[in-house]
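Note that the protein sequences, when read in sequence, are chains A and D. The numbers in my numbering rise by one with no breaks, and the one at position 27 of the first sequence is 456. The numbers in my numbering rise by one with no breaks, and the one at position 245 of the second sequence is 674.
Because the hints were derived from the structure by calculation, they are not lab data. All of these numbers come straight from a predicted model, not from anything done at the bench. It cannot be assumed that every hint is accurate.
Copies of the same chain are indistinguishable here, so a pair counts whether it falls within one copy or spans any two.
[Said to hold, decoys possible] Straight-line alpha carbon distances no greater than 30 Å define the calculated DSS-like cross-link-like pairs of lysine-lysine that follow:
(1) Lys-486 to Lys-743
(2) Lys-666 to Lys-505
(3) Lys-502 to Lys-486
(4) Lys-564 to Lys-678
(5) Lys-505 to Lys-486
There are 2 protein chains.
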Amino acid sequence: MKRIYFIQFFTALLVLTFLPKVQSQENLPSGQRKEIISPEINADNSVTFRLVAPNAKEVFVTGDFLIPGEESKMTKESDGIWSYTTQPLPSELYTYAFNVDGLQMNDPNNVYYRRDVASTLNLLLIGDGQADLYKVNSVPHGTVSKQWYQSSGNDMTRRITIYTPPGYEESKTSYPVLYLLHGMGGDEEAWMTLGRASQITDNLIDQGKAVPMIIVMPNGNVAQEAAPGESSLNFYKPQFRLPHTMDGKYEETFQEIIRFVDSHYRTIPEKSGRAVAGLSMGGFHTLHISRYYPNTFDYIGLFSAAIMPNEEVKSKVYEDIDATLVTQKSNGYALYWIAIGKEDFLYQANIDFREKLDRMGFPYIYRESEGGHTWRNWRIYLSEFLPMLFNKK
Amino acid sequence: MKRIYFIQFFTALLVLTFLPKVQSQENLPSGQRKEIISPEINADNSVTFRLVAPNAKEVFVTGDFLIPGEESKMTKESDGIWSYTTQPLPSELYTYAFNVDGLQMNDPNNVYYRRDVASTLNLLLIGDGQADLYKVNSVPHGTVSKQWYQSSGNDMTRRITIYTPPGYEESKTSYPVLYLLHGMGGDEEAWMTLGRASQITDNLIDQGKAVPMIIVMPNGNVAQEAAPGESSLNFYKPQFRLPHTMDGKYEETFQEIIRFVDSHYRTIPEKSGRAVAGLSMGGFHTLHISRYYPNTFDYIGLFSAAIMPNEEVKSKVYEDIDATLVTQKSNGYALYWIAIGKEDFLYQANIDFREKLDRMGFPYIYRESEGGHTWRNWRIYLSEFLPMLFNKK
Numbered sequence: 430m431k432r433i434y435f436i437q438f439f440t441a442l443l444v445l446t447f448l449p450k451v452q453s454q455e456n457l458p459s460g461q462r463k464e465i466i467s468p469e470i471n472a473d474n475s476v477t478f479r480l481v482a483p484n485a486k487e488v489f490v491t492g493d494f495l496i497p498g499e500e501s502k503m504t505k506e507s508d509g510i511w512s513y514t515t516q517p518l519p520s521e522l523y524t525y526a527f528n529v530d531g532l533q534m535n536d537p538n539n540v541y542y543r544r545d546v547a548s549t550l551n552l553l554l555i556g557d558g559q560a561d562l563y564k565v566n567s568v569p570h571g572t573v574s575k576q577w578y579q580s581s582g583n584d585m586t587r588r589i590t591i592y593t594p595p596g597y598e599e600s601k602t603s604y605p606v607l608y609l610l611h612g613m614g615g616d617e618e619a620w621m622t623l624g625r626a627s628q629i630t631d632n633l634i635d636q637g638k639a640v641p642m643i644i645v646m647p648n649g650n651v652a653q654e655a656a657p658g659e660s661s662l663n664f665y666k667p668q669f670r671l672p673h674t675m676d677g678k679y680e681e682t683f684q685e686i687i688r689f690v691d692s693h694y695r696t697i698p699e700k701s702g703r704a705v706a707g708l709s710m711g712g713f714h715t716l717h718i719s720r721y722y723p724n725t726f727d728y729i730g731l732f733s734a735a736i737m738p739n740e741e742v743k744s745k746v747y748e749d750i751d752a753t754l755v756t757q758k759s760n761g762y763a764l765y766w767i768a769i770g771k772e773d774f775l776y777q778a779n780i781d782f783r784e785k786l787d788r789m790g791f792p793y794i795y796r797e798s799e800g801g802h803t804w805r806n807w808r809i810y811l812s813e814f815l816p817m818l819f820n821k822k
Numbered sequence: 430m431k432r433i434y435f436i437q438f439f440t441a442l443l444v445l446t447f448l449p450k451v452q453s454q455e456n457l458p459s460g461q462r463k464e465i466i467s468p469e470i471n472a473d474n475s476v477t478f479r480l481v482a483p484n485a486k487e488v489f490v491t492g493d494f495l496i497p498g499e500e501s502k503m504t505k506e507s508d509g510i511w512s513y514t515t516q517p518l519p520s521e522l523y524t525y526a527f528n529v530d531g532l533q534m535n536d537p538n539n540v541y542y543r544r545d546v547a548s549t550l551n552l553l554l555i556g557d558g559q560a561d562l563y564k565v566n567s568v569p570h571g572t573v574s575k576q577w578y579q580s581s582g583n584d585m586t587r588r589i590t591i592y593t594p595p596g597y598e599e600s601k602t603s604y605p606v607l608y609l610l611h612g613m614g615g616d617e618e619a620w621m622t623l624g625r626a627s628q629i630t631d632n633l634i635d636q637g638k639a640v641p642m643i644i645v646m647p648n649g650n651v652a653q654e655a656a657p658g659e660s661s662l663n664f665y666k667p668q669f670r671l672p673h674t675m676d677g678k679y680e681e682t683f684q685e686i687i688r689f690v691d692s693h694y695r696t697i698p699e700k701s702g703r704a705v706a707g708l709s710m711g712g713f714h715t716l717h718i719s720r721y722y723p724n725t726f727d728y729i730g731l732f733s734a735a736i737m738p739n740e741e742v743k744s745k746v747y748e749d750i751d752a753t754l755v756t757q758k759s760n761g762y763a764l765y766w767i768a769i770g771k772e773d774f775l776y777q778a779n780i781d782f783r784e785k786l787d788r789m790g791f792p793y794i795y796r797e798s799e800g801g802h803t804w805r806n807w808r809i810y811l812s813e814f815l816p817m818l819f820n821k822k
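Take these sequences, add in the hints, and give me the full structure.
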């Protein structure tokens, strides 16, 4: 081995690693070779964005940290680097993009993204507050598995994300299960990538605020095997509305998921060990799943639920809604939690639904937050919901 | 429920979903509102790229499908859409980006990416050949888990990716294990995201060309808990070279990984049930792990291995290399496979290494391919290596 001469391994590899992106650079004007840091989170939690764009005339940064109408024009330095520094920002997981002479683009110096339907934005996390729960911290971590279950009712195998808590593999005990449902446009990845569900759960368990539990995140679009890029459709442009998302089929075939989980994991396979919660369309699914199987879940969470009549849909799932709610009520449950933001476009629908529940004497806990129909709220709701689970005396 | 009026749920949600990216649109010139398809794979396997950029002066597409020097200038249509159509392309998983007036950017209409160290490029898959193995096909799928193991030797918990084959959960049998190692700049995600390891394995098992096996993909950077964004460092700009990647620590603590896997999975915990393979730095690790534990692995694969002297490094792992190779040889093994591309910068180092093995009478199989130090080659090598595993009579 000693005689094998080999000198510039690292240099050569370094060049090779960065070669693909400039493979045809002989054709191209160059402008992205400078090594810069963007975004940079400053000590006061302000953020500096930078972009190397010597030929650009006007560059903005746009993102959900801006107050509507807030100026976000970047300034060009002499070396072709544009920059913009925000005010100190409250703790949150933000998304952003650049706009260069009218063209929206991602930050080439930031490798962290989140996809929402067909758009992809860069991520940015400000700690020292609520978003500390969204961080990977030095705490024990659960296992996240992507696996496939046979859905006879939908005649396909379907992908599912399952979180098991720290210690699951080493213990012999059984765990309660939260079924956590995504919204329209989401899939079995949404609660992990946009919702930071595994980080929130790891952190709350570590803080002693949530009990160790299994979290099951199925794909609620029954026409889909799996998230975009993960099914036999491979790479295609995701679309917002899929067929059969709210036609009763998901609710009808939901028992397949419960059976799969109970047969593959050490669960507490009874009502006291089961919770179901969902956001938007997933709140709709939660409402219907929990009353359609009216003695199955002890903990129910509606996050900005898409409460809407499904009168045009022919499905036995949406028949006898009032009667099944009465049954659910008389069966009893430990928690029925309804959360919504004041600016949510579903706010009035939720008020109407609560009035209906009030008329029925159907107990629930109501949580009204600021803001609207956003992942920011759904992460907050999850972090408030988990501590209330599986603690019935 | 019938009286809860609710009319434009889908429209409202649609607007909301696409709102974040234009949240401060009052500040911004608009240019990305047109719904276009890019990339579009045509019937003859040519590809049409499109970008809405009405203000741009010159737009190129750049990617690893181009022949060096090939012209890739896009043409502006009257509606501000630039487009470029390639020649029919051979089956492959390609990466690409746009270059707009000197600024490299991702395709805003393509949500599929791969990260390699600190750069992120769009993905594009052409089937009808080798890359059919890289597709998600309608075949049984294995489970992919991200979990954490305790590394006492590195004094941290570390993230690891584990693939179990279709049927693992339902069977009671034990499976052989391939330890599959990444290169410098990679991590426990690289073989999944860049190497398409789960797709290749699912497909080869389904075709009866590979036996069902567990594949373990650890993180070979022992200074790291986990891939960028997945450790307690959270979001930071990844760098190419990390400390302690080739100083013996990984090889020394590798038995912890084997013990973790053997104690958490139904493995065949003996030499005949173990393979180890890796690319570049992972090939270096494979060479040393397989001879440092000289009676542990029956199948060894060096893919474009970074064969290099580590004379400046003080580690008992790199002492007595020749003697341990002799021991490994006399212990015997089922397969020692060395693969490299003719244009690889490590080509000569691999020739020298083979000459050394020849002098020692150390048996191996040599596979020389076209091309260089690329994921294209490593996916091909994996698809050729898997069928040779665990079939010793």
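Hints versus structure:
no., hint, verdict
1, Lys-486 to Lys-743, "neither (56 Å within a copy, 54 Å between copies)"
2, Lys-666 to Lys-505, "between (35 Å within a copy, 22 Å between copies)"
3, Lys-502 to Lys-486, "both (11 Å within a copy, 22 Å between copies)"
4, Lys-564 to Lys-678, "between (36 Å within a copy, 28 Å between copies)"
5, Lys-505 to Lys-486, "both (9 Å within a copy, 20 Å between copies)"
Hint compliance for this structure: hint 1 alone is broken.
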